[in-house]
Structures are given as structure tokens and as C-alpha cells.
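Visitor: Here's the letter readout for the chains.
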Amino acid sequence: EVQVVESGGGLTQPGGSLRLSCAASGFTVSRNYLSWVRQVPGRGLEWVSVIYADGNSYYADSVKGRFTLSRDNSKNTVYLQMNSLRADDTAVYYCARDRSGSNYFDPWGQGTLVTVAS
Amino acid sequence: QTVVTQEPSFSVSPGGTVTLTCGLSSGAVSTNYFPSWYQQPPGQAPRTLIYSTNTRSSGVPDRFSGSILGNKAALTITGAQADDESDYYCVLYLGSGISVFGGGTKLTVL
Numbered sequence: 476e477v478q479v480v481e482s483g484g485g486l487t488q489p490g491g492s493l494r495l496s497c498a499a500s501g502f503t504v505s506r507n508y509l510s511w512v513r514q515v516p517g518r519g520l521e522w523v524s525v526i527y528a529d530g531n532s533y534y535a536d537s538v539k540g541r542f543t544l545s546r547d548n549s550k551n552t553v554y555l556q557m558n559s560l561r562a563d564d565t566a567v568y569y570c571a572r573d574r575s576g577s578n579y580f581d582p583w584g585q586g587t588l589v590t591v592a593s
Numbered sequence: 003q004t005v006v007t008q009e010p011s012f013s014v015s016p017g018g019t020v021t022l023t024c025g026l027s028s029g030a031v032s033t034n035y036f037p038s039w040y041q042q043p044p045g046q047a048p049r050t051l052i053y054s055t056n057t058r059s060s061g062v063p064d065r066f067s068g069s070i071l072g073n074k075a076a077l078t079i080t081g082a083q084a085d086d087e088s089d090y091y092c093v094l095y096l097g098s099g100i101s102v103f104g105g106g107t108k109l110t111v112l
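Order-wise, the sequence lines are chains Y and W. Taking my numbering, the leading residue of the first sequence gets 476, the next gets one more, and so forth. Taking my numbering, the leading residue of the second sequence gets 3, the next gets one more, and so forth.
Among these hints, one or two may not hold up.
Claimed, not checked - What the simulated footprint calls covered on chain Y by chain W, stretch by stretch (three residues with Cβ under 8 Å from a Cβ of chain W suffice, anywhere in the stretch; the number is not a length): (1) 513-521; (2) 525-536; (3) 542-549; (4) 573-580.
The set of hints was computed from the structure by calculation and includes no laboratory data. Note that CB positions come from ideal geometry on N, CA and C, so glycine has one too.
Model the full structure from these sequences, guided by the hints.
Guide: Below is the structure:
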């Protein structure tokens, strides 16, 4: 079964860091695009970042310079390192395979909640 | 900054047809933006409906269809059912790895 499972969410203070993991099964992350999408509770979806099969990564302006994507091919896992966290980064973070490199997000994980608060 | 626009809310009667749209703050949406549509029932993760303008994702009933209408992408639901009541999001690919979601449309079936 093709699926992704996020982990690593939790509570951190403003200015802190967290690393989210997206573990994939049923497909190889090194040959696919993986995106992160977040959602403030009760609000809409926001595209955050994507890592391409060639290793290049791209970010929304709201997180550029603070978030970094990486990949461990041996664990078939993608990581989202989040630094200098702010209150407005509080959201459920979803990982999704991008099957086309242009918005065909499937499957989605169940999401992991990140709360940034003092 | 590019803003993707969607109707905040829409209502449709059971069995009726509704068309949700997805526009750009400046310019027209074309197939080059690879518009995709996602359905998100309350408390659940999003589900893929349509990608690359008009291709249905696996298992999506043909009541859902995507198109370009004028200068916007569109999602049409025919024969609306009660369980179609959800939030619907479009997303556009702007190029250079960047995508942007619309604000979402809350669809009520009543």
C-alpha cells in the first residue's frame, strides 16, 4: 500500500526548532516528489515546500530561510527541519507525494500538529 | 504576491449541479498552471479529486469534473449528494517549484 506517515510534531516555544519526518511506504522517496502542506486549525491549506527527486527543494516565501527539506534514502524518509519558529507556524503539517511535480498530491498523510507558543 | 481566489462558500440542493471556481489575483488560469482540486471533509485529511485541470484521481466518481471556464479553473459537481458537503481547495503550480492554494470553498448541500 502506498502511504506516507508524518511524525515529530509537538509544542515548542517561539524561536525554537522542530524536525518533522515523513516516512514513505509503497514507493521510493528518492524517485518521487514529496511536498509539505500545512493547515492552521479552522483555516485553509497552505503549500509549504517540495523536494524533487533530483534533491532540489523549493519553499513558500513564508518559510524560506527558516525551513529546510532533506532526505534519508536508506530510511525512505523525508525531513522538514523547522527553525526560528513563530506563533503563526502553528498548524497541522501534512506530507504528500506529488505524483506529477505539479500539484497531484496523493496520498496524503494524516498530519502532525505543530504548536508554537510560550 | 500571487493570490489564488475561490468563493468562500456555496450551497447546492441535493441532486443539483454546482461549479466552484479558482482564479488568480492577476491574470488568467490556464492549463499551464496544472490546477488541481482537493476535497476535505471536516476533521479529515484532504483527498485528491482532480489534477492537471481535468483528470480525475483514482476512485473519484464522474460526478466530479474539472475544466477551464473563461479565465478560471472550475470544479463541477453534478448530482450533488449529502456527503459532498466539504471544504474544496484548488491549487495552482506557479512554476519554479512553487505552488499556491486557494482559500477554499465551503460547500453546503441542503
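Visitor: Does each hint hold? Answer for all of them.
Guide: Checked hints:
1. Note: the stretch 513-521 of chain Y has 3 residues with beta-carbon separation from chain W under 8 Å; the three-residue rule is met and the coverage holds.
2. By the rule of at least three residues with a Cβ nearer than 8 Å to a Cβ of chain W, the coverage given for the stretch 525-536 of chain Y holds, with 7 such residues.
3. Beta-carbon proximity to chain W at under 8 Å applies to 0 residues in the stretch 542-549 of chain Y; the threshold of 3 is not reached and the given coverage is violated.
4. Under a criterion of three residues with beta carbons nearer than 8 Å to beta carbons of chain W, the stated coverage of the stretch 573-580 of chain Y is upheld, 6 such residues being counted.
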